[in-house]
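Participant: Protein chains in written order, with my numbering: chain V, 54 to 391; chain E, 54 to 391; chain G, 54 to 391; chain Y, 54 to 391.
No wet-lab data here; the hints were simulated from the structure.
Every value quoted in this text rests on a predicted model; they were computed, and no experiment measured them.
Heads up, a few of these hints could be off.
With a straight-line Cα cutoff of 16 Å, these simulated EDC-like cross-link-like pairs (lysine to aspartate or glutamate) come out [as the list claims (entries may be wrong)]: (1) G/K313 with V/E168; (2) G/K313 with V/D297; (3) G/K313 with E/D331; (4) G/K329 with Y/D331; (5) V/K329 with E/E107; (6) G/K120 with E/E107; (7) G/K120 with G/E268; (8) Y/K313 with E/D297; (9) V/K120 with Y/D297; (10) V/K313 with Y/E114; (11) Y/K313 with V/D297; (12) V/K120 with G/E114; (13) E/K313 with G/D133; (14) E/K313 with Y/D331; (15) G/K329 with G/E268; (16) V/K313 with G/D225; (17) Y/K120 with V/D297; (18) V/K313 with G/E268; (19) V/K329 with E/E114; (20) V/K209 with V/E168; (21) E/K313 with G/D331; (22) G/K255 with G/D297; (23) E/K120 with Y/E114.
Number of protein chains: 4
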Amino acid sequence: MLVVMHSHATPDQVEQVVLAIRQMNLTPHPMPGATRTAIGITGNVGAVDPRTLEVLPGVMELIRVTKPYKLASREMHEADTYVRLPQTVVGPGTFTMIAGPCSVENEAMILRTAEFLREHGVHLLRAGAFKPRSSPYAFQGLGLEGLDILRRVREKTGIGIVTELMDTDNADAVEEAADVIQIGARNMQNFSLLRRVAQARKPVLLKRGLSATLEEWLMAAEYIMAGGNYNVILCERGVRTFSDHSRNTLDLSVVPPVKKLSHLPILVDPSHGTGKRDYVPPMALASLAAGADGLLIEVHPDPDHALSDGAQSLDFAGLERLLESLRRLAEPLGRVIN
Amino acid sequence: MLVVMHSHATPDQVEQVVLAIRQMNLTPHPMPGATRTAIGITGNVGAVDPRTLEVLPGVMELIRVTKPYKLASREMHEADTYVRLPQTVVGPGTFTMIAGPCSVENEAMILRTAEFLREHGVHLLRAGAFKPRSSPYAFQGLGLEGLDILRRVREKTGIGIVTELMDTDNADAVEEAADVIQIGARNMQNFSLLRRVAQARKPVLLKRGLSATLEEWLMAAEYIMAGGNYNVILCERGVRTFSDHSRNTLDLSVVPPVKKLSHLPILVDPSHGTGKRDYVPPMALASLAAGADGLLIEVHPDPDHALSDGAQSLDFAGLERLLESLRRLAEPLGRVIN
Amino acid sequence: MLVVMHSHATPDQVEQVVLAIRQMNLTPHPMPGATRTAIGITGNVGAVDPRTLEVLPGVMELIRVTKPYKLASREMHEADTYVRLPQTVVGPGTFTMIAGPCSVENEAMILRTAEFLREHGVHLLRAGAFKPRSSPYAFQGLGLEGLDILRRVREKTGIGIVTELMDTDNADAVEEAADVIQIGARNMQNFSLLRRVAQARKPVLLKRGLSATLEEWLMAAEYIMAGGNYNVILCERGVRTFSDHSRNTLDLSVVPPVKKLSHLPILVDPSHGTGKRDYVPPMALASLAAGADGLLIEVHPDPDHALSDGAQSLDFAGLERLLESLRRLAEPLGRVIN
Amino acid sequence: MLVVMHSHATPDQVEQVVLAIRQMNLTPHPMPGATRTAIGITGNVGAVDPRTLEVLPGVMELIRVTKPYKLASREMHEADTYVRLPQTVVGPGTFTMIAGPCSVENEAMILRTAEFLREHGVHLLRAGAFKPRSSPYAFQGLGLEGLDILRRVREKTGIGIVTELMDTDNADAVEEAADVIQIGARNMQNFSLLRRVAQARKPVLLKRGLSATLEEWLMAAEYIMAGGNYNVILCERGVRTFSDHSRNTLDLSVVPPVKKLSHLPILVDPSHGTGKRDYVPPMALASLAAGADGLLIEVHPDPDHALSDGAQSLDFAGLERLLESLRRLAEPLGRVIN
């Protein structure tokens with residue numbers, strides 16, 4: 054951490070800051086410069102709220118240096134994390150497809166989708182039993198009945214299940230039914246929920262919040278890891294900006310920094326990210342090229358009659374075409390679609 | 054709702070859209086224009102996902118017209134809502150102060166703060182027993198012990214308590230201790246939590262999410278009201294933008310639109326909005342002038358040693374000065390600080 | 054400036070950074086810490102592109118410390134700047150009103166507006182002869198004919214003229230006609246234009262760019278001041294965010310930081326900021342309470358038939374009511390509307 | 054366009070809006086619904102400022118329907134535009150590389166770069182003679198001398214020149230030296246400059262503004278096309294959001310909507326978009342996969358000593374590796390790097 058003093062700060066004010074730093078059991082390193090003094094701070098600064106020093110007289114600003122996450126950081130853990138599932142492995146060696154409808158509507162459509170996916174080499178099905186919806190009047194999902202459907206389809210087809218957990222009340226049920234527990238964008242900083250899935254024995258797919266910085270996102274992952282669950286998969290799904298040409302602004306540019314700063318795998322969800330079916334395939338290909346570890350794709354047997362998010366869902370033929378394109382593109386990149 | 058066709062859409066494509074609208078039990082109103090046809094839709098369009106029509110051939114875009122919230126809307130309920138508490142009333146006739154430390158640190162500091170507030174005509178104390186923190190390593194609040202402290206201070210001083218609920222697990226305890234249940238910005242779209250407080254017998258202070266549009270915010274209020282709790286107080290606390298001169302971008306400009314579109318009272322939290330003590334008083338005065346119904350202000354007996362958010366907390370003398378300024382400004386505006 | 058090394062950086066890498074800093078004729082201050090080394094830099098760092106050091110091996114990040122603006126900074130110039138005009142003075146002692154239509158439509162309406170303003174104690178009229186419009190097909194202003202109209206109305210009524218300059222070609226003409234040269238938001242980083250008005254003998258009203266940080270804005274002012282024109286008036290007019298309840302997001306929260314970091318006066322334009330007539334008066338009052346030095350307000354004799362921006366213009370009665378409200382509010386704040 | 058009335062609007066208010074629409078020589082289409090009336094408008098609505106109707110009594114909101122751009126729109130011009138240069142063609146059939154240093158520093162480095170590019174099959178060199186810099190104290194480019202260097206290198210090597218025009222004063226000189234005139238992001242809405250390049254006989258590369266919507270961007274292109282220059286190449290270079298993991302937020306998700314709404318070619322500039330060398334190659338590959346028509350890449354013979362933007366420049370070996378990766382990826386996509 055670094056305290057920057059005003060150019061007209063008095064020596065006494067500098068001294069006061071130095072003392073305040075010592076009182077925090079940290080080591081001050083004053084650096085007198087031509088126009089002003091800066092004071093470096095070393096020691097265990099994780100616990101310090103930088104703004105506390107910032108309001109001392111003569112202080113211009115306080116700059117935090119060290120990253121506040123550790124377990125999620127590549128600095129502490131250089132090797133890539135691979136999340137092992139019964140059906141497949143998620144991580145840099147491969148490119149993982151997770152596909153399925155926005156919500157579980159009935160058993161027939163889930164079964165049909167699962168069989169279609171298995172036939173096409175996709176090992177993980179996504180579908181929501183609990184749906185977070187902006188409006189209280191919109192379809193909210195089938196709930197526990199939806200989980201039962203997913204469980205039965207899993208038994209019949211062997212497909213892996215990725216499904217969202219919205220609250221601690223349903224945590225046991227979702228943990229039991231899911232191969233991967235999804236935490237939605239709106240819950241990325243629902244810290245009670247993060248602490249709960251930290252105790253789950255299933256991997257967690259952690260979507261980026263609508264206005265989360267990379268640091269906040271890795272801190273949310275840190276909550277899960279600090280609680281003992283190291284199997285965290287990140288998922289970019291679009292952020293909130295002024296841009297109005299698509300539903301959200303899919304931030305593919307976050308993929309390389311995630312790879313640099315963290316060892317966790319990262320997927321991309323171009324269906325929510327763009328909100329429009331036509332834009333999903335190009336952004337899916339771009340995700341692969343950008344270095345992501347896989348995709349979350351909405352697919353529906355009959356998108357025009359979907360109960361939610363039909364406009365951003367591919368139909369089966371559309372997914373088939375996308376898988377072909379992805380396979381062609383994966384080869385020169387040394388990746389295998391899985 | 055309005056469907057806009059492409060300029061080169063065929064008559065047959067227009068006919069298909071008309072049919073699709075009828076199948077939804079809605080009434081189409083085609084409007085042939087010089088370069089293209091638009092089709093108005095009337096009927097109960099609340100349940101329609103606009104993007105479903107948008108993907109039909111020949112459709113350029115679909116524009117939603119009616120607001121998706123009803124109970125929170127001034128159209129349905131013209132008169133201003135007043136939220137009545139044992140200690141005071143929140144609504145346009147007055148200007149409500151809610152002040153206190155970020156978190157409950159110990160009983161002495163809460164009691165001291167409560168007594169100070171009572172002496173200065175402030176009837177509501179805010180303090181968090183449960184604290185949502187970006188880092189798992191930061192102070193997370195005293196939890197149930199903090200609620201006990203708040204309960205005892207309320208008994209001793211008569212002050213009203215505003216405190217945050219973070220999860221359904223602690224809902225009963227918070228509901229019992231609080232006069233107003235606060236839902237934090239990060240939980241504005243925690244729909245399970247909204248449904249829970251919809252059943253509470255205490256008013257809810259609903260903070261705006263970091264990247265929530267006005268519509269999403271009123272929809273979150275709608276969740277609470279649709280569940281039966283009409284005592285919702287909105288609170289602007291800064292949104293997430295590119296702007297980096299303060300912690301968040303306090304969006305005072307949302308106050309007049311809230312007043313126009315909704316009958317619910319709206320407070321402003323300039324402490325979180327700005328993140329810096331020096332900027333709190335001017336933004337507090339501006340909130341009053343902009344037409345807000347009150348303020349949430351962080352105050353701490355010793356801000357430089359606060360366990361959280363000290364840099365944005367006023368000390369007692371600072372709050373005293375602010376109250377004086379607010380009272381002077383309130384008079385020509387016909388408002389009473391309360 | 055501060056170079057932060059990776060925790061696993063080698064002593065040799067630290068040494069290389071130290072050498073690179075010395076080669077830039079700057080002084081390195083290595084600070085070995087428990088987990089990593091940081092290297093403070095003192096000397097004339099203004100010319101250094103921080104990202105150059107950032108790409109050296111072992112470097113985690115480089116943090117810039119000193120502000121890149123000087124002349125606009127309160128650190129270098131503590132006293133508030135007052136911009137003196139023939140008709141009035143702009144600066145903290147007063148509260149300056151600048152009002153008028155979006156564009157010069159004809160002489161009659163400008164004259165009528167000027168007379169109305171003079172009668173109501175407003176000394177400065179704003180009106181565009183050159184209009185920056187998003188569409189090439191929209192009304193682009195009367196151009197030089199508009200300047201002639203402004204010049205004649207100035208002669209007849211004595212009112213001061215604030216009008217926009219869009220390009221260097223018309224700089225002489227605008228400089229001659231205007232008492233204050235306005236640089237619009239879209240031209241805030243039109244550096245050729247900034248360099249031109251740096252040579253003007255008239256004060257410059259510099260609107261904040263749609264996505265300008267406070268630092269970029271003060272740097273744009275620095276361009277004008279570095280060229281010799283110290284009479285710069287800043288003007289907040291709304292920024293571009295995800296928020297869609299108004300035309301732009303009027304960022305009143307920038308006023309206190311501007312006052313802290315700079316000595317330049319700052320006005321607010323709630324007409325462009327909100328884009329809707331009804332929201333102008335509350336945001337105008339809030340601007341005064343927040344500590345701004347004045348307002349830019351759109352007023353039109355017949356807003357419903359304005360050639361541009363009618364929806365955000367007050368009519369004369371509306372401005373009259375606003376002036377009364379401002380005067381009532383100014384008194385307890387110790388300000389005088391002018 | 055569509056006027057939406059309040060649910061409690063009176064029949065008389067509806068009638069007034071109908072009359073106002075007729076007075077604008079447009080045709081109103083009232084649609085009485087269950088809860089409210091909407092009024093469709095057909096005719097030449099391009100000239101109407103929607104907000105004028107919005108402020109009439111009883112009106113809730115006014116919704117614009119038709120796109121305000123025509124020449125840039127695919128609706129009016131279905132076939133893709135190919136921009137033909139002496140050295141190559143820009144458009145969907147190929148994938149155009151434009152590479153070079155941020156600024157012209159001296160003739161040797163430009164010549165060396167041009168020769169390197171030619172040897173590696175790159176036909177267009179980018180380099181700025183005029184540099185827009187946030188700080189007045191930063192290196193501003195060599196100006197006319199820089200243009201002379203570019204001209205000589207073009208003669209010697211035959212490479213095509215892409216260079217930025219910052220103001221109308223230098224328009225003739227830049228037009229003469231350049232094969233493609235670049236308009237920078239900060240000048241996207243410098244309408245005087247757009248009108249000038251509309252008269253140039255050279256194609257224009259139009260970078261997206263830092264906070265420009267897709268509509269505003271296409272409107273800026275429309276300025277150039279409406280003035281007679283149809284050879285416009287769009288270039289995404291990152292937008293301004295809350296996201297701080299890279300210099301800007303490179304919005305690759307704009308590529309598919311641009312392709313859908315417009316016939317103009319679109320390039321991507323990952324160097325400015327990310328601001329960090331390491332992130333350029335993955336985002337370059339992602340641009341190709343997303344369907345862009347080419348890239349603008351910063352390359353420098355010695356990036357660590359570049360006068361500007363060295364940290365985001367590749368060195369020659371880095372570009373060579375990137376070209377190889379692009380060629381491998383282009384094949385399955387049916388594209389040819391050019």
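Participant: What's the verdict on E/K313 and G/D133, does the C-alpha distance respect the 16 Å limit or exceed it?
Facilitator: 38 Å, violated
Participant: Below or equal to 16 Å on CA atoms is what counts here, so check Y/K313 against E/D297.
Facilitator: 35 Å, violated
Participant: Are the Cα atoms of G/K120 and G/E268 separated by 16 Å or less?
Facilitator: Measuring from Cα to Cα gives roughly 8 Å; hence the hint holds.
Participant: Next pair to validate is Y/K120 with V/D297; report whether the Cα-Cα distance is within 16 Å.
Facilitator: 14 Å, holds
Participant: Given the hint that V/K120 pairs with G/E114, test it: the Cα-Cα distance must not exceed 16 Å.
Facilitator: 11 Å, holds
Participant: Sort out whether Y/E114 lies within 16 Å of V/K313, counting only the CA atoms.
Facilitator: This hinted pair is violated, its Cα atoms lying about 47 Å apart.
Participant: Holds or violated: V/K209 and V/E168, Cα atoms, limit 16 Å.
Facilitator: 9 Å, holds
Participant: For a C-alpha distance cap of 16 Å, please report whether E/K120 and Y/E114 respect it.
Facilitator: 11 Å, holds
Participant: Keeping to a limit of 16 Å between CA atoms, is the pair of G/K120 and E/E107 held or broken?
Facilitator: Violated, at about 49 Å.
Participant: Does the structure keep G/K313 and V/D297 at a Cα separation of 16 Å or less?
Facilitator: Violated, at about 35 Å.
Participant: Is V/K329 within 16 Å of E/E107, Cα to Cα?
Facilitator: 9 Å, holds
Participant: Taking 16 Å as the top limit, are the C-alpha atoms of E/K313 and G/D331 close enough?
Facilitator: This hinted pair holds, its Cα atoms lying about 9 Å apart.
Against the hints set out earlier in the document, violations occur for numbers 1, 2, 4, 6, 8, 10, 13, 14, 15, 16, 18, 22.
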